[in-house]
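Colleague: Here's the letter readout for the chains.
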Amino acid sequence: MIKISYATAIFVFCIGLYTILSKRNLFKTVIGLTIMESGALMLIVTAGYVHGGVPPLIPMEGQAVNPLPHAFTLTAIVIGASDVALALALVIKVHRRYKTVDLDKIRGLKE
Amino acid sequence: MGLLLLCLGIGWWLWKGVAAMEDPEFIIGPAAYYIINTAEETGAANIVAAILFDYRGIDTLGEASVIYTTVCGVAMLFSKSKYKRSSAGLSFIARRGVSFLVPFLLLYGSTIILMGHMTPGGGFQGGAVFATVTILLCIVFGSSFEMSRIKPKTKETIESLGGLFFVFLGGVGLLAGAGFLANTAAGFPRGQVGNFLSAGAIPLLNIAVGMKVGAGLSTIFYSMVRVLELEFGEQMSEVEGNDKN
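Quick mapping for you: the protein sequence lines, in order, are chains V and D.
So for the first sequence, the numbering used here puts the first residue at 1; every next one is plus one.
So for the second sequence, the numbering used here puts the first residue at 1; every next one is plus one.
Dumping the calculated DSSO-like pairs for lysine-lysine here, alpha-carbon to alpha-carbon at most 30 Å: (1) V:K23 x V:K105; (2) V:K99 x V:K28; (3) V:K105 x V:K28; (4) V:K23 x V:K99; (5) V:K105 x V:K93; (6) V:K93 x V:K28; (7) V:K23 x V:K93; (8) V:K93 x D:K151; (9) D:K16 x V:K3; (10) V:K93 x D:K153; (11) D:K16 x V:K23.
Not close to chain D: a few residues of chain V, all C-beta gaps over 12 Å, as computed: (12) L26; (13) L103; (14) D104.
Simulated from the structure, these hints should not be mistaken for lab results.
Positions of the beta carbon are idealized from the N, C-alpha and C atoms, including for glycine.
One chain only, chain V, in its complex shape (with noise of 0.2 Å):
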């Protein structure tokens, strides 16, 4: 079951490496790399569990999953969100000076 969640993790990974790839748009180069910080995420999290783990939360019956990774999580989410904004306020930047957020016209104008 575990190896689902693996593959999961890795399959939203490369939706979002794809996405970041091939389009030129550059709003969908932000959108792609949230995507890819979402595999990453899950990645981490998939790594804690622990066979028939509970939450780990007291009082635990059984052995908890590792709750490390958890938070682990919680920083990079915060941080994501944090540089989400940040390449977003830079794409509204590009687009007032240039009119445009395509990275091809971007580049015409300049030369």
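Here the structure of chain V is known, so what remains is to put chain D in place on it, guided by the hints.
Modeller: Chain D alone, transformed into the frame defined by chain V:
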């Protein structure tokens, strides 16, 4: 096509890596220590909260400063834009519905923050709920309404106070001679595990982080939406000018 093949190849490569892994049956390393000793040392029922705010508190302080840096960056990028006009907001039904919902959302957010040491939740999640309330107000009633109710200066003050409160609580540990961000070692009462008043400084740190995250995310959204409305307004006036010509 080549890009698709490249992504599939990377995915296959990663899959070969995780397919070799076994299902772990037990936990080793620092996580095992945290699970065994959290109730003894911190008194928090939520082990993740104990790790975030006690064992790795300095990590969380750095994380909070990342949000602060983002708010500074966004505010700096949009500093020159002057506020001109607000969006009109949504229909009457949406306004009534949201004004009915807002008290419950506030209650939900404060529950998540205040019970963060016992149940899943905490300052980051509850702060995000508070930011959602202001974003809803911004969208449904228009940004000038939101600005008149919750002034941007107030948000900045709340955010700075949250950060200062966090550092102050860390400094208490320093004064007690137990190290920065020390919890029970610095004399904070541990309480009974599972009680509302327990876990020493963790609920206070939750409140500080909640103030910081809620005000910070709300400020980020507000400055972005203000700029977008400004641009939209400029385009509209251009269109109107063209119509006249």
